[in-house]
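So the protein sequences, as listed, match chains G and Z. For reference, each letter of the first sequence is one residue, going 1 to 490 in the working numbering. For reference, each letter of the second sequence is one residue, going 491 to 980 in the working numbering.
The set of hints was computed from the structure by calculation and includes no laboratory data. We put the CB at the ideal spot given by N, CA and C, even for glycine. One thing to keep in mind: the hints can contain errors.
Stated by the list, open to error - Now the in silico label distances, taken between C-beta atoms and shown as ranges:
hint : chain 1 : residue 1 : chain 2 : residue 2 : range
1    : G       : N17       : Z       : D886      : 56 to 62 Å
2    : G       : W346      : Z       : L954      : 21 to 27 Å
3    : Z       : L954      : G       : E322      : 36 to 42 Å
4    : Z       : L954      : G       : G84       : 53 to 59 Å
5    : Z       : E536      : G       : K254      : 54 to 60 Å
6    : G       : D407      : Z       : A805      : 49 to 55 Å
7    : Z       : Q539      : G       : G471      : 51 to 57 Å
8    : G       : Q136      : Z       : K833      : 54 to 60 Å
9    : G       : E259      : Z       : P599      : 49 to 55 Å
10   : Z       : T943      : G       : A256      : 42 to 48 Å
11   : G       : E155      : Z       : E536      : 53 to 59 Å
12   : G       : K387      : Z       : Q818      : 37 to 43 Å
The residues making up each chain are set out below.
There are 2 protein chains.
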Amino acid sequence: MGKNLTTRAEDYSKWYNELVVKADLAENSGVRGCMVIKPYGYAIWEKMQAELDRMFKDTGHENAYFPLFIPKSYFSKEASHVDGFAKECAVVTHYRLKNDEDGSIIVDPDAKLEEELIVRPTSETIIWDTYRKWIQSYRDLPIKVNQWANVVRWEMRTRLFLRTAEFLWQEGHTAHATQEEALEEAQQMMRVYADFAENFMGMPVIRGTKTESERFAGALETYCIEALMQDGKALQAGTSHFLGQNFAKAFDVKFATKEGSQEHVWATSWGVSTRLMGALVMTHSDDNGLVLPPKLAPIQVVIVPIYRGEEQLDAISQVAKELKRELQLLGVSVKFDDRDTHKPGWKFNEYELKGVPLRIAIGPRDLEKRTVELARRDTLTKETVSKDDIVARVQDLLVEMQRALYDKAKNFRDTHITEVETYDEFKNILENKTGFVSAFWDGSKETEERIKTETKATIRCIPLNYKEEVGVCIYSGEPAKMRVLFAKAY
Amino acid sequence: MGKNLTTRAEDYSKWYNELVVKADLAENSGVRGCMVIKPYGYAIWEKMQAELDRMFKDTGHENAYFPLFIPKSYFSKEASHVDGFAKECAVVTHYRLKNDEDGSIIVDPDAKLEEELIVRPTSETIIWDTYRKWIQSYRDLPIKVNQWANVVRWEMRTRLFLRTAEFLWQEGHTAHATQEEALEEAQQMMRVYADFAENFMGMPVIRGTKTESERFAGALETYCIEALMQDGKALQAGTSHFLGQNFAKAFDVKFATKEGSQEHVWATSWGVSTRLMGALVMTHSDDNGLVLPPKLAPIQVVIVPIYRGEEQLDAISQVAKELKRELQLLGVSVKFDDRDTHKPGWKFNEYELKGVPLRIAIGPRDLEKRTVELARRDTLTKETVSKDDIVARVQDLLVEMQRALYDKAKNFRDTHITEVETYDEFKNILENKTGFVSAFWDGSKETEERIKTETKATIRCIPLNYKEEVGVCIYSGEPAKMRVLFAKAY
Ligand SMILES: [Zn+2]
Ligand SMILES: [Zn+2]
């Protein structure tokens with residue numbers, strides 16, 4: 001197709017890296033581990049943000065904004081949190097530069113901060129330090145706040161969207177009077193994420209909880225949604241944490257109950273990030289480029305004129321512009337690409353690469369016959385449609401394609417969950433079939449750790465809807481109460 | 491009114507600080523100079539963002555995202571830029587913390603960065619380093635990109651919204667093939683900002699250019715909009731810079747022209763920030779609290795029931811909910827506050843403090859008479875309106891109030907532009923009448939500097955629509971070609 005894209009079969013990882021750059025989603029910057037999100041990639045992220053933001057507001061959340069910097073001492077206050085987050089992070093130590101004698105710019109040694117500031121890797125500490133001021137009584141609860149922000153976690157090996165030093169995300173932080181309410185909130189947000197992943201991204205997910213060792217640092221329970229990429233590796237697409245009273249105790253956040261006693265507040269936090277962009281790419285795209293679900297495509301329909309000379313272009317433009325207007329009135333986003341600097345073939349390639357769901361080509365013969373040629377990105381099929389039917393057909397196909405992408409991904413996912421009974425089977429599936437492996441686990445950290453060391457597979461989650469079964473751990477042979485899902489993961 | 495707000499006459503500065511906190515807009519955080527933007531304040535900022543974003547897109551701009559960190563060496567590349575921006579800034583020197591022997595957390599001395607990273611104070615350098623890769627030919631131009639981001643400028647004396655170490659803003663960065671196109675872009679964005687300030691914030695602004703010494707570091711021309719606050723001090727509400735080829739030369743960004751020659755690219759940048767929140771507060775609010783223009787008010791109408799007992803509340807709720815539904819269908823944002831934890835008087839106070847434009851109170855007598863009581867925040871006037879007329883009346887009043895706020899602010903501004911002929915007059919007006927002072931200036935940096943030192947007044951701008959006049963500089967007595975606007979400023 002002239003896109004010079006490595007195929008998935010040749011090298012999945014290389015295919016991904018090339019595609020993200022060539023489809024104008026993102027690129028590496030001059031700053032180690034930090035990416036530039038390009039306009040086309042950002043337009044997809046904006047659509048994700050808009051849907052998620054609407055869902056958060058529909059479930060009673062408000063947005064706010066907290067500082068980028070966190071004093072070093074805040075991290076020491078919640079013991080398990082510090083181990084998880086205060087390690088690989090960007091540390092601000094000075095607040096001024098100055099000109100050296102030789103004219104170069106140096107850090108002014110006189111401008112050293114008394115206490116170092118950490119660029120937030122996540123905001124629990126600074127937010128709970130704030131909530132202490134906001135919460136006195138049960139009347140101040142619940143607090144249901146979300147923040148859209150950038151965060152930084154120093155990573156040695158980075159990949160565009162999947163693992164970057166700086167990334168964009170949202171982080172919800174809620175405060176509740178009771179354990180039950182906080183648990184319900186954490187579960188609700190997992191459901192919101194699953195809804196978004198499945199109904200907007202077209203990406204089926206498994207809802208579950210993390211094992212203790214995979215939990216968020218400071219959480220008593222981490223709910224997660226896990227997706228499966230086309231190469232059979234799992235990707236954690238969103239997490240929602242029940243934090244108990246850990247942060248309330250660390251930051252001394254108490255409230256007066258109706259009865260007048262003082263109690264610590266219950267907390268949750270939950271987040272999804274620009275990592276979802278990587279998941280979106282790896283769930284649907286093919287060797288010709290991006291495939292985007294219509295609900296998240298910045299351009300849903302592109303119209304390309306096929307013409308020789310001004311006169312033909314004028315006649316085609318008239319039809320194209322009218323069609324564009326009609327579709328836009330129905331809420332469909334349409335681009336009419338009448339640039340004369342590029343040939344139709346080049347444009348076809350370009351919009352395939354960028355995953356525009358539907359392409360309409362109009363040539364002189366179409367004008368005569370009152371037809372257009374309609375091409376569908378996911379199946380690469382073409383059909384000739386009468387001008388009278390095209391608007392309805394476009395609307396139908398956008399719905400149909402959204403559904404088809406989900407179904408295809410779900411079918412792939414469902415056929416890549418394999419139940420095994422022995423460790424040999426387990427290793428065999430991991431190596432040869434890939435995907436999720438459903439296996440009995442004895443519940444011990446040691447077993448989990450050893451399997452991870454030996455196979456690189458981690459327990460992705462304990463599925464929410466697991467059936468109580470009696471079995472035998474594939475590794476230790478000890479009694480086990482349920483199957484959990486293992487996989488190699490991003 | 492029970493709000494315990496310092497009055498503007500008593501202490502304008504204190505009034506502002508108290509109001510921002512009491513109206514739940516923002517508060518200081520535990521991090522020096524960094525604020526927390528609270529949900530109510532953030533909701534106003536979101537409305538600002540939505541309008542501005544729409545305006546940017548309507549004028550052909552796309553959003554993107556660039557790294558938070560900028561390598562120190564990038565700042566050295568544009569000589570005038572470094573003096574302006576690489577001074578008071580947050581410097582990241584390390585990328586890891588570790589546990590000290592005594593259990594405390596320290597910065598790991600082994601994790602020192604080879605090159606320090608600066609937390610962006612503005613993004614010209616990192617963006618033009620990126621544009622070099624994006625631009626080869628005239629076909630790649632123009633690039634019209636905007637970024638919504640946080641930036642950090644270390645400030646010794648900070649004030650909520652007006653001057654904070656970290657703030658939120660948007661920064662547009664465009665690249666053009668010709669000087670004319672770049673100039674037109676810079677001017678266009680100034681007009682967009684003025685449109686937003688006047689038609690959404692209800693804040694009249696003067697469009698002008700900055701003198702050389704007040705220009706953005708690296709700009710050849712800075713267009714600005716200047717507003718006047720109720721205390722007679724000016725506030726720069728937005729700037730748009732024509733950057734010439736300075737950044738293209740510094741980062742070696744050239745393009746092949748149609749004719750095949752290589753030329754440096756022409757640039758603009760432009761931004762507004764959460765400072766606008768401060769401007770909004772100081773333009774309209776009064777001793778009772780915030781006054782918000784309807785177009786930016788998160789809640790435009792609040793309905794408060796006045797009742798004794800469940801039965802009355804039920805009957806009133808029925809009317810209130812129907813009214814709420816009707817108004818919402820027309821796009822009006824309405825809150826029905828039926829909390830039984832607070833008295834009506836408390837609620838009246840609260841919504842006055844928060845600047846909700848219209849308040850509807852419904853009591854048992856209203857039910858009998860089929861009326862409601864409608865109170866208007868800006869004038870504090872009340873009227874009784876028949877249930878049949880209330881929807882239309884609300885719609886009218888929201889439009890009327892948006893206009894009235896602008897007119898009032900414009901009248902204040904217009905009566906606070908004073909033409910003077912002598913330096914004595916000048917100083918007298920600055921001290922006693924305040925506001926903008928229109929005076930002849932000889933065009934020299936020295937005069938500008940001396941006036942600033944002696945009076946603290948700066949040249950806010952050379953108005954765009956100035957009339958060519960022949961005059962004598964109020965300070966030097968030298969010939970002058972035009973009047974410029976001086977003021978003390980935020
Ligand atoms: Zn405590
Ligand atoms: Zn050059």
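TODO: Can you let me know if the beta-carbon spacing of D407 (chain G) and A805 (chain Z) is within 49 to 55 Å?
DONE: holds, 51 Å
- [ ] Take the C-beta atom of W346 (chain G) and the C-beta atom of L954 (chain Z), compute their distance, and say whether it sits inside 21 to 27 Å.
- [x] Between W346 (chain G) and L954 (chain Z), where Cβ atoms are some 44 Å apart, the hint is violated.
- [ ] Please test the hint of 54 to 60 Å on the beta carbon pair from E536 (chain Z) and K254 (chain G).
- [x] violated, 31 Å
TODO: Could you check the hint for me, namely that T943 (chain Z) and A256 (chain G) are 42 to 48 Å apart, CB to CB?
DONE: At roughly 55 Å between Cβ atoms, A256 (chain G) and T943 (chain Z) fall outside 42 to 48 Å, so the hint is violated.
Open item on the list: Does the beta carbon distance between L954 (chain Z) and E322 (chain G) stay inside 36 to 42 Å, or does it fall outside?
Closed with: Because 41 Å falls inside the window, the suggested range holds.
Task: Beta-carbon spacing of K387 (chain G) to Q818 (chain Z) - inside the hinted bounds 37 to 43 Å or not - done: Holds, at about 39 Å.
Open item on the list: Given the hint of 49 to 55 Å, is the C-beta distance from E259 (chain G) to P599 (chain Z) inside that range or not?
Closed with: holds, 52 Å
Open item on the list: Looking only at beta-carbon atoms, does the pair N17 (chain G), D886 (chain Z) fall within the given range of 56 to 62 Å?
Closed with: The hinted range 56 to 62 Å holds for N17 (chain G) and D886 (chain Z), with Cβ atoms some 58 Å apart.
Task: Distance restraint evaluation - Q136 (chain G), K833 (chain Z), Cβ atoms, bounds 54 to 60 Å - done: With a Cβ separation near 19 Å, Q136 (chain G) and K833 (chain Z) fall outside 54 to 60 Å, so the hint is violated.
- [ ] Confirm or reject the claim that E155 (chain G) and E536 (chain Z) have a C-beta distance inside 53 to 59 Å.
- [x] Since E155 (chain G) and E536 (chain Z) have Cβ atoms about 31 Å apart, the given range 53 to 59 Å is violated.
TODO: Look at the Cβ atoms of Q539 (chain Z) and G471 (chain G) and judge whether their distance stays inside 51 to 57 Å.
DONE: holds, 53 Å
Open item on the list: Taking the Cβ atom of L954 (chain Z) and the Cβ atom of G84 (chain G), is their distance within the range 53 to 59 Å?
Closed with: Since L954 (chain Z) and G84 (chain G) have Cβ atoms about 55 Å apart, the given range 53 to 59 Å holds.
In this structure, the earlier hints numbered 2, 5, 8, 10 and 11 are contradicted, and the remaining ones agree with it.
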